Structure formats: structure tokens, C-alpha cells
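A.B. asks: So the sequence lines, in the order shown, correspond to chains A and B. Counted the way my numbering counts, the first sequence spans residues 1 to 278. Counted the way my numbering counts, the second sequence spans residues 1 to 278.
These aren't lab readings, by the way, just hints derived from the structure by calculation. Here the structure is a predicted model, which means the values were calculated and not measured. Careful: at least some of the hints might be erroneous.
[Said to hold, decoys possible] Here's a subset of chain B near chain A, in silico, CB distances under 10 Å, partners left out:
| hint | residue |
| --- | --- |
| 1 | A71 |
| 2 | G75 |
| 3 | R264 |
Backbone N, C-alpha and C define an ideal beta-carbon position, used for all residues, glycine too.
2 protein chains.
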Amino acid sequence: MSSEPQLSTEFDRDTSVSEVSRTEDEAVFAADLAPGWQVGGGLNGGYLLATIGRALQQTVPKHPHPYSISAYYVGPGVAGEATISTRVVRLGGSSVTLAAELAQQGQRKITALATYGDHDTMPSEVRTTAQPPEMAPLEQCFPTSAAPEELRRIAPLMERMDLRLDPAYAGWAVGAPSGEGIIQGWFRLPEGRESDVLSLLLAVDALPPVTFDLGRPGWAPTVELTAHVRGLPAPGWLRVRHATRNVAGGMFEEDCEVWDSTDRLVAQARQLARLPRG
Amino acid sequence: MSSEPQLSTEFDRDTSVSEVSRTEDEAVFAADLAPGWQVGGGLNGGYLLATIGRALQQTVPKHPHPYSISAYYVGPGVAGEATISTRVVRLGGSSVTLAAELAQQGQRKITALATYGDHDTMPSEVRTTAQPPEMAPLEQCFPTSAAPEELRRIAPLMERMDLRLDPAYAGWAVGAPSGEGIIQGWFRLPEGRESDVLSLLLAVDALPPVTFDLGRPGWAPTVELTAHVRGLPAPGWLRVRHATRNVAGGMFEEDCEVWDSTDRLVAQARQLARLPRG
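For reference, chain A alone in the conformation it holds in the complex (with noise of 0.2 Å):
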């Protein structure tokens, strides 16, 4: 029944989780997040919600694929060994839903829900009305590995990934927001990794905030992240847009959209987040 990580990436690697525990409706997983994926204050939320998505699937792997994933981000998580556990809060036919919590030294950084399936099991009809974003075409994207070293030191997560920004909504990085709050661009993990439902859960938090596009640079905490995986992705790129329509009381919605190579809207997330300081 254990389904254990692909090892041969970085990703999965970084992201893997090793069973500790294990009563009929809980688990216990211990994990060592790994540095590269520091931005900011802690380490990045997309990583971290990717690693609770493996312990998860670990704890169900008859139900291996989040259909929605709820995480709210309580504290910072840091390099080091954590502790996830998982519960089944209620086991149906077809899907599973699931409470997990990740500690760190004995610190919640991060509580969630989630329910899990198989969608292979589910119908095949999609009915999209939603229109893919109009993107510049990868070639004349910047890649992320081309920001000034300075950038790259305090965010090493930007070498985690290869994420080419949209120059429309890039002018943030020389001084010149678009002001839209529209962050996107095309996104995929190195080494030939194909996506997977888990690096879609690093997908819809990986980009810069939205707020950089709004002219407010600085690290944005999380308070809530939902993640909907509507699809499994095929393979190649995905395009990613983040955008915002609501400024209010201290805080933004930030939407998440990527789409697959096949023009295929494989998930939908929405987060809520403080506004940077200043």
C-alpha cells in the first residue's frame, strides 16, 4: 500500500516525507525541508502545501489525487525537520477527507483539510468557459534564473524552478508596476519533471505576490490558501496567472489559475494574504 517518492528530483527529493506512525485513521510523517526553498520570511507556501499533499497521499494512496486542499499558514516555516499528521476525518466511496498539521519543534506553522480521490475514476466531461490568459509567448518571457543575484540570494526559490515571467506584468522588477495586480508566467519544475498534482500544489503559490504588480514590494504572509486540482496535467508547460480585484482591511485575494499545455484549466486556487508592510 505505500507509495513511496520518486527520489530523482529535486522536487521530490525535497518534498518527500517518511512514514513514522500509523494508527487506522492517523499518521505521523517526518520531513526535513530543505533551505533552497526560502523566500522572504519562511520557506515558500506552495513547497511547503506540496509536502503536506505528499503525506496525504501517503496516508490514502487508494485516493492518491487532492480534489481541494485548504491550508491556513499560522507560522513560518523554516529549514529543518517537521512533523506532519494526518487524520482521516471521513472515509467515503470515492473520496476521502483528511485533516494534517505541520509542526515544527513542536510549533503548528501550518493546519489544513483536504479531500482526496482519484480522477481517473471521474467523468471525462469538461465544460470550460474560462478562457485561457493571453501570455507572451515563452521566448520572450524572463526567466527567472536571469534576476540580478541580489534577488536570487534572498528568494533561492526562483532556482527551484524554471518560471518565465510574462514581461506585461514584470515592469515590478525595474521599478515600473503595471498596477493591474496580475502576476504570470510559464512555469515548470527542472530536470525533465513532469507536473503531477503534488507540483501543482507548488504551482499556485510559487509566482511573486500580485502585490509586487500593485507597486508594494515585500513579503506577503499567507493567511488561507484553497487549492482546487481540477484536472490531472498533461505534460510540457504551464501557464500560471495570479491576479487580484480586492485590496481591503490590510489584506488581497490573490487567484490562481494554471492551465496545462492541452489548454486545460487543471487548477483553481485563492489565497488571502496580509499586505506587505510599508
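Got chain A sorted already, so can you dock chain B onto it with the hints?
C.D. replies: Chain B in isolation, oriented as in the chain A frame:
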């Protein structure tokens, strides 16, 4: 410290909870879920969310307002006794993250996470680029109180609120859905009961499912619903808009916006629901 519910209106009576026990971090409340909120296969999800929201409010009265609440619906709520257990996950300076569970006769029905705080202490800046929905004037909309008696019998919920549906997206009621996947209308509680954060939790799941407007009537069970309360609603009518952009894999997302009488976007919610059968 205890904040007693106002029992003057039906909504307040029906969502009232009474504290059964409390420790430093946990509390248990008893509720008597009212049959008037029935719709389709169970009690309305927004009604249940508002009841949980009240239990959380009474758990942390110094943090009276939900910023975000995420509910996973694992079984249909039914009229009668219910137990709501709440637990503080992390108490911060300006906000608190909690977990809640609603059970009936030992069966879990809803598991939820939430972050509560105090909107009155948050920055007052609002920068909303979203536009209020274009909606027919109130007097041109269809009051659900005028619905056929047969419909009102299977959905007594409709008599608990004053809901006026925009005719542009109400054609499904006469067999002519628009096909756009939108349902919207004017909303308020009766008895002069003005909106507050709890009635917003009702409002985000009070309208018929958008699948009606796609020509797919029937009950659409919610898998997950997250509501962000983005401001305290002003007195007067609310405008509520639901839309879906992605029907796929046997499920659909339903995005909800709630605008108050001052054109402020006071709540944003999204749910993942299963398509009606057949």
C-alpha cells in the same frame, strides 16, 4: 466575555448555539438545527456555516469577525440536535486560527478551519478593481416568495430570506436557462435584520446552484467552501452573484461575490461542488 446571540430574529434563533463546556483551547456548543433551512438533500450549507461561524465567534469573543473560513462538507446536515466542537489552533496578537467540527448523533457532518479577527482594527484602505455585478433593479427581480408552492415545499429555505433573483439568469425557472452559469440577485434577511458577518456566511451559499443556469437542476453537494469576509456590510440590500467557469471531472467551482449597499465587496467565496446527477 460571553457574547449572547440576539434571539430577536429567526436567523439569530436558528443559528444560536449554547456553550456546553470549555477549556482554555477548546469549547463545545449545542445547537438545534431548524427544519426551515432544508433544501434538496439536507440543510443549506450557508445556514450550517453561519451556525458554525457563531460558535467560533463565541469561542473567541475578542476576535468577533471571520477573515476566512473553510468548510468541508462530509455529510448532509439534518434538522435536530447538533454538537459543534471548536479548538484554538493558534492565538496570535491580531487574529486567531481555529478548527471546528459539526456532528450529529456521533456522525461528522462538517469540518472547518477559520481565522478570526476584528475588522474594526484593520486598515481602512480599500482598493477594489472588481466591479459590482450588473443586475436588474430590485423591483424588476423575481422574489423567491413568488416561487411555485411545489418548489417552496422542497426548499423551505427560500422563505427564510428575502431573495430577489435577476431575471437575466432566472430563465431556468421556466425551462430556459441562460447557459452562462450565473445566478445573482438581491438578498437580505427579513424582520429588518441587517447584515453582519454571520449573515454573510449564509449569503455566500444561499442562492440556487449555478448549475441550474446550465440546465442541470438538482442538488449539487458542496465538497468545500471557503469564504473570505472582506469588510463589515453596511445596512441595506446585498447583491450576491454566483458564477462558474469550469465544469470538469464531475465537479464545478462556484465563485461568489457579495456587495453591500455602498458598493463594497464585503465577501468573496468559492466552493467546489459535485455536479447534479442525471
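A.B. asks: Each hint should be assessed against the structure and marked as holding or not.
C.D. replies: Okay, the hints, checked on the actual structure:
Using the Cβ-Cβ criterion of 10 Å, the hint placing B/A71 at the interface with chain A is satisfied: the shortest such distance is roughly 9 Å. Given hint, B/G75 at the interface with chain A, holds; its Cβ is 7 Å from that chain's nearest Cβ, closer than 10 Å. With a cut of 10 Å, the hint placing B/R264 at the interface with chain A holds, because the nearest CB-to-CB distance is about 8 Å.
Of the hints listed earlier, there is not a single one the structure fails to meet.
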